[in-house]
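Protein chains: 2
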Amino acid sequence: MALAPASIRGSFSVDRYPCASFSEARPSTARLSSSLFQGIRLVFAKETMNSRSFTRADLHSRLCARCAVLESVSPTSQGDMTLVNVDLGDRSYPIYIGSALLDTPELLQRHIKGKKVLVVTNTTVAPLYLDKVIEGIKGKGGGVIVESVILPDGEKYKDMATLMKIFDKAIETRMDRKCTFVALGGGVIGDMCGFAAASFLRGVNFIQIPTTVMAQVDSSVGGKTGVNHPLGKNLIGAFYQPQCVLVDTDTLNTLPDRELASGIAEIIKYGLIRDAPFFEWQEKNMEALLARDAGAFAYAIKRSCENKAEVVSLDELEGGVRATLNLGHTFGHAIETRLGYGEWLHGEAVAAGMAMAADMCVRMGWIDKSLQSRILSLLERAKLPTAPPRHLTTEMFRSTMSLDKKVADGKLKMILLKGSLGNCLFTSDFDPKALDATLAAFCDK
Amino acid sequence: MALAPASIRGSFSVDRYPCASFSEARPSTARLSSSLFQGIRLVFAKETMNSRSFTRADLHSRLCARCAVLESVSPTSQGDMTLVNVDLGDRSYPIYIGSALLDTPELLQRHIKGKKVLVVTNTTVAPLYLDKVIEGIKGKGGGVIVESVILPDGEKYKDMATLMKIFDKAIETRMDRKCTFVALGGGVIGDMCGFAAASFLRGVNFIQIPTTVMAQVDSSVGGKTGVNHPLGKNLIGAFYQPQCVLVDTDTLNTLPDRELASGIAEIIKYGLIRDAPFFEWQEKNMEALLARDAGAFAYAIKRSCENKAEVVSLDELEGGVRATLNLGHTFGHAIETRLGYGEWLHGEAVAAGMAMAADMCVRMGWIDKSLQSRILSLLERAKLPTAPPRHLTTEMFRSTMSLDKKVADGKLKMILLKGSLGNCLFTSDFDPKALDATLAAFCDK
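As given, the protein sequences belong to chains F and A, one line each in that order. Numbering follows numbering that gives the first Met the number 0, with no gaps: position 82 of the first sequence is 81. Numbering follows numbering that gives the first Met the number 0, with no gaps: position 230 of the second sequence is 229.
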């Protein structure tokens, strides 16, 4: 019996937070015997790029192949684990999501290449998890040597000078071509360690252990790495994919409230740009997220990673649809740049940016006022800002936005909402007067 | 009629410097009607990765497809031009070799993408060719804007601080994702501009106009880009392929003698590692090369690019055979690092390194003394050094060589000659005593 590809794109998990409308949106979601997977929840981000059909036998053998790596990991020590596969041909990689993953280092060990490992982390995360990660890797045996470099914490250190500290350490400790760089920390650590891995000896292995919601739902998928330039964010970098990403949801217990909310801004974004049922799920479960409910977070991270993985698989190098992941980021980057990196968290700036984009879309008649209200309400419940600091001027926005990476041949392209919830456009074909009016509405001058 | 793939890998050109033994080595070399190509000499570096056979009709249509781009370029203004195609799937690119190519900017214009161009050059090359290149690109019309950044000249400026000047200029002049970076200069400019193009906005278009023999026969093929670290050469970089490479042999007329000889060292290397007939051709034509005979150089550059393109096509990311291109480089890099970058030219250090490698191979009985003599004699005729400066110590060599990119899991792998002329190995399986003896022979202590 042949299954349509759509059914394979769905989720095979029995989620603790099942979303009623999720199965309506993806009517052919299949549910498989949970005993087959010994408690492991499997999600296939995008099983079929080439829209051929599969028989059930095909499907079963593919699932078993994907599971093989997991079956030897003790299910008891690990509890529930979700796997999202980011499908990029020979650069595909798995994202493992679950609690206590750092206490079961077999998965991490499996993806370590070579005999030398450099763990890159920061002064905040190092006291919490560095020893555990180093011991976990050393447990692999075979004389693997683990070195580490501890960087100062914060977006303002995401620069070339700090990047050089990674290279200095790698060279001092004689990391070779077969070594592995491990990023242990938030998005800044992931981006810098990834760019260092991409550039050291023209490319070494790379593993991510993201410890913030932001890094787990955003930076962990897509291979964007890089550093900031004094004149603009992320202007220097590379597309570079990791060997694997390990999301231990327990690390969220040590995350400050502002960091938590900042990550939730990106979760809200996925609903807005392409996943109305996920947005509706968030409307029902925002308080559970703020209470750091492990199950709620596992679902939100999984669904975010799936959404991002689908988009990235379609457009690895950001030619088109991938740009939609930057909803709110054009305004947001301007806020971050003008305030100085680190003054506002990335997600806070994105939240304000999404509110500004929604305002612009209402002005053009692209979305209803009622949708704008739902967006603002959800952002507010997440304790996120819905406007930039008043002292930023329209001129500041304009001049910084003109340096945006999405400017091509002198024209600014923006991600804007249009139509019902879950629909957006990446376009330069918008009314510039609406942009003027939005900037005027949000800035004192 | 089916032709074996080997015949397609051969050269279709009628060379001004035909190499008698070349056609013996590649017996099925086909010669096509020169009128078909209006004086354009076509070379196919590696037409068939997948060893299927072609009929003559297939072959003819492929040649015509490749020629289409050239046919609209006036043959009279261009004289002889050779095309080497570097076959890397969707990253394939052409190398155009000929005289007066900068005076016929149609080729350059054809590969310019977007409306913004940043030409990266240095203080030596800028007064000679920058205006010509800028005017050539502007001749494309359509409002293309050309900016330039002039870096200090020399290997000692191939560092992160100088790289930042390229980013600064690119950001100041608002280069966007569709822009093109053009490297106008030698290997240092090519490597830095290429790494900047790879990293700016995570990758923009890139064109190379190499103006030294070294850059024309080495850096122009293979996509290696990067900068030096105070502790080692080329430790930070990326693999990044250009849109095209434009080799105007007239630029050699302004090249200092030492630079010329330095490039010839790499030409000699290609003969040693894989092309005995080319080495023999050099033995017959070294004086023509030193006299900057345009035809001799066009042939030597073409044959070098073909050799490198074949190797790179087989192994883009340097997993194996590509490493053989580094014959003499392990010793050579140690010399450059210890003397300080720029004291000796790269090719001078490689020449001494090849002499040291030959010494080591004789000690192990891997090559005959007579081959060693031919190598030393050709290097000397090219006015290249055949030994490192005596004041470098064995300890200096050892400590720098242990940082070499070719160290994997703590073991140094070297490129060594074995057997008859044109054969080499990339191996860690050599007698360490031979290395000791070679270092002792070439160093005072």
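It cannot be assumed that every hint is accurate.
Remember, identical chains collapse to one label, so a pair may be satisfied in a single copy or spanning two.
[As the list claims (entries may be wrong)] Pairs of lysine-lysine, DSS-like flavour, derived with a Cα cap of 27 Å: (1) K368 / K382; (2) K155 / K168; (3) K283 / K444; (4) K412 / K168; (5) K112 / K410.
Derived from the structure by calculation, the hints contain no laboratory data.
How the hints compare with the structure:
In this assembly of identical chains, the alpha carbons of K368 and K382 lie at most 27 Å apart only when taken from the same copy (21 Å versus 79 Å across copies). Taking CA atoms no more than 27 Å apart as the test, K155 paired with K168 passes in both settings, with 20 Å inside one copy and 22 Å between copies. For the identical chains of this complex, K283 and K444 are neighbours neither inside a copy (38 Å) nor across copies (76 Å), given an alpha-carbon limit of 27 Å. In this assembly of identical chains, the alpha carbons of K412 and K168 lie at most 27 Å apart only when taken from different copies (23 Å versus 40 Å within one copy).
With identical chains, the CA atoms of K112 and K410 are at most 27 Å apart between copies only, with a shortest distance of 16 Å across copies and 44 Å within one.
This entry does not satisfy hint 3, going by the numbered hints stated previously; all others are met.
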